[in-house]
Amino acid sequence: MKDFIIPDDRDMGTPVRQGAPVTLEIDGLSVTVPEGSSVLRAAAEAGVQIPKLCASDNLEAFGSCRLCVVEIEGRRGTPASCTTPVTPGMVVHTGSSKVRKIRRGVMELYISDHPLDCLTCSANGDCELQDMAGAVGLRDVRYEAPEAGGMANHFEARNTSGEANPEWLPKDDSNPYFSYDPGKCIVCNRCVRACEEVQGTFALTIQGRGFDSRVAAGGPADDFLASDCVSCGACVQACPTATLQEKSIIEMGTPDRSVVTTCAYCGVGCSFKAEMNGDTLVRMVPWKHGKANRGHSCVKGRFAYGYAHHKDRILKPMIRDRIDEPWREVEWDEALSFAANRMRGLQERYGKKAIGVITSSRCTNEETYLVQKLARAVFGNNNTDTCARVCHSPTGYGLGQTFGTSAGTQDFDSVEQTDVVVVIGANPTDGHPVFASRLKKRLRAGAKLIVIDPRRIDLVKSPHVGAAHHLALRPGTNVAVVSALAHVIVTEGLMDEEFIRARCDWDEFQHYAEFISNPRHSPEATAMLTGVDPGALRAAAHLFATGGNGAIYYGLGVTEHSQGSTTVMGIANLAMLTGNIGRPGVGVNPLRGQNNVQGACDMGSFPHELPGYRHVKGPEVRKMFEEVWGVEIDAEPGLRIPNMLDAAVDGTFKGLYCQGEDILQSDPDTKHVAAGLAAMDCVIVHDLFLNETANYAHVFLPGSTFLEKDGTFTNAERRINRVRKVIPPLNGYADWEITQMLANAMGAGWSYSHPARIMEEIAATTPSFAGVDYALLEEKGSVQWPCNEAHPEGMPLMHVDGFMRGKGRFIVTEYVATDERTGPRFPLLLTTGRILSQYNVGAQTRRTDNVVWHEEDLLEIHPHDAEMRGLKDGDWVRLASRAGETTLRAKLTDRVSPGVVYTTFHHPDTQANVITTDYSDWATNCPEYKVTAVQISLSNGPTDWQEDYAAQAAQARRILPAAE
Amino acid sequence: MSPEKMVHMANQIATFFKTQPGTDQAARVAAHLTDYWEPRMLDQLHAYVADGGQGLDGLVIAAEAEIAKRSERA
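Respectively, the protein sequence lines represent chains A and B. The opening position of the first sequence corresponds to residue 1 in my numbering, with each subsequent residue numbered one higher. The opening position of the second sequence corresponds to residue 1 in my numbering, with each subsequent residue numbered one higher.
Hint data in this document are derived by calculation from the structure and do not stem from the laboratory. As the structure is a prediction and not an experimental result, all values here were calculated from the model. Where is the CB? At the ideal position from N, CA and C, for every residue including glycine. Treat the hints loosely; a few may be bogus.
[To be verified] Here are the simulated distance ranges between beta carbons:
# : chain 1 : residue 1 : chain 2 : residue 2 : range
1 : A       : D279      : B       : Q20       : 35 to 43 Å
2 : B       : K69       : A       : R757      : 41 to 49 Å
3 : A       : G345      : B       : P3        : 28 to 36 Å
4 : A       : S753      : B       : K5        : 57 to 65 Å
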């Protein structure tokens, strides 16, 4: 297939503005731009490229390089076009001999303190300084050091007499992905501004004045790695020279072509240009036209793609009869017929429903669709589930019940128009970093923030951003807090009655208002339970109800609870109460964990519903698929992941095809998961690596990375983005081909020739995708579903004129305490989460240099709790719950409240999930990861369980050399 | 699954619907169970109720009866 044609990628100099049209003349060309635009941008719009160095269209104008000077009729002097706004009728000359002379003089000064090693410079061909020297016609540099010495520069380590140059600084190579070479810096400030304006971290600064001005990360003793730098890459992208540059480019050279694709990490779904040199990927650069990320990136998507070529990657299929045997490498045919025969054999022996699938939220929509189709059309049952079970299934249920569909209501651009942001149970700066940067930008512009989280996440207080209110609730009391907010809004009459009357079911609201007004929901009554100061909670409720556009963003701290679904409904209630639905700047926004969780749910991965969220009990829906698939579809719901494991232990579920998910590490109560897997007779793991689940597998089918296949991902804003093949699959096949081969080995007779054909079938069977096809995606870049006859270009905002279900439904949300309670044996509450540099179970990020930021899971504990137990920072501690125990190192911090401890689950050596229990959300069985009663004590090293686990894993990972 | 786990899950569902207004709670619990529980889970519930249903919320027992009645009719 031909490469997607990349739209205009020119740098327009300064950011786009909204405003009334202004017409002016530039070099005789008439151009009309929005009011507030700079002359520099207007010129670019007219096709006139004014030379520039310090300007970039993702940064506010700075006016320091003086290269973009122009002449304007009727004005004195030569103003910088980047900082000069357009006015009607303005007449601009960009190329007069006067400004040409100025520009040449400016460049001459720049070059006088810059090495002339262009041919061997790593930025050769990718250097704006070089381009500008050419553009202004610089031919000579007149400034020379006097013979007696005395003129300094920044780029020579020693002068001609061999003396050390005090102005010279060595390269800083501390960051694993990029280097900082101070000798090549022109102090244009772009990196510092990118760090502030785009990323919002403020890690960089310009130290010193005049000739002594230097870019510096952190304080005087810091290098890049030791500073606050989060390695998002914005500074590297902004740098016009070789000063800040990717090490991959230094090593491999500049790219010669690029392919636009979508990141395979979190649910933000950033668009990237995969830049290639021949068939080698040399760099991933965030694509400025990507509508989710608008040209920004984080350390994972920008840099952590090296796992594709990691030595641990398995490229050959493998089989074994029993899990205590070593793996045997075999050809694809043998592996597939082995798998197919076993699965069919299990069905013959134990019944049609004895096998099932787990679809991957990391794979494409097309791949997911095929895996669930494998269960429904080839296995003949509905035993299909996906990792959304363990993250956002309550979102599906809760928003489905209240609004009528399971999806975030906004696009990410919406945050730019919000006035009050509520972040509940999410940690965007770590989990969804690019969204966090966009949010922080809005907060710096004056929007207010309310954080509801047991832990003091970075957003609560970081440079130039602070929460107006941080409600540090006790884990497990979300419903009580959300209900108390609603109580204040209703009892103080702060609700938007007009909206409620027009858009919601008024009778349901009456019930709800009566329920929520009861004094037992007041902040004062629930404070003992939640630990939240009633005054702060009331103030937060006032702010949200009266502060303008209110938007709620939430994550797994909401869903992964016994009452996860109830909290989602409570959040929907809050949005409806305050009329914050159906326009830009408002809404209910679930932040999805994995890249394609939204898509996996849309594609019918759940055991009770076919693609497009339609229950399998509906005869019309089944008929639609039965006609296309030519088989009868089971009308009964299938098993969810926890139910599959229970049934396996009971002996009625015997075979599993698990694509791109590591349930042994990611699912709760590891011992129970292991027992379930061990009880199965055929576990097929389809993955990049021998993951933890593969320790219990009989068939291993090597998978392909997102760089190696075509398809689509759907991000948290329902945006369907193209994934494009950058390199051929190292394992030989894209994942959709492998699923098709397995299906065909079981007699399916599928013949898809390209993922586009699969999307055609999805569009033909799923009303919300009816208008989606690859041609449209090529044309628009991306679309947000629903995309059909009514919305041919998709739908950025949902529920604009009415809810999907008709009237919005208020649902009574009674707080019910979880049964997971602290007591004398387990007095602390453990809650879990993510860290910026690692992703989920870490299978990908642990196999990149991201480990320099996080090489092990740490247990955060409040100094008070630590002192009572005699623990110091860095001590090995034993962490135990009623489910199991593990050991890890302690980190003392007041980010967590006394009584609460926190850890991440990125490393299999720790296996935080051996601690978590089998309690789950009442509606969806989404596990209660976020609340586990634990005890902590000093430890000497790994627990017996950890040692046994490691021994079993080592045993299970043996691979026999291939037979000759 | 273990009977304790099943009882816990079923009672959680009943606990939610008990808080909802109206008089059709048993029907709503029954609907939730048939919508989301796989047949072998429902079979386990039926068998457990036939065995006395110890520990099950009254609303679950009522819902189970509705499901049983419905499947007889079908």
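Okay, the hints, checked on the actual structure:
1. For D279/A and Q20/B, the Cβ-Cβ distance of about 60 Å falls outside the hinted range of 35 to 43 Å, so the restraint is violated.
2. Against the hinted window of 41 to 49 Å, the Cβ-Cβ separation of K69/B and R757/A comes to about 46 Å, which satisfies the hint.
3. The supplied range of 28 to 36 Å is met by G345/A and P3/B, whose beta-carbon atoms lie about 31 Å from each other.
4. Taken as a hint, the range 57 to 65 Å is violated for the pair S753/A and K5/B, whose Cβ atoms sit roughly 46 Å apart.
Checked against the numbered hints above, the structure breaks hints 1 and 4 and satisfies the rest.
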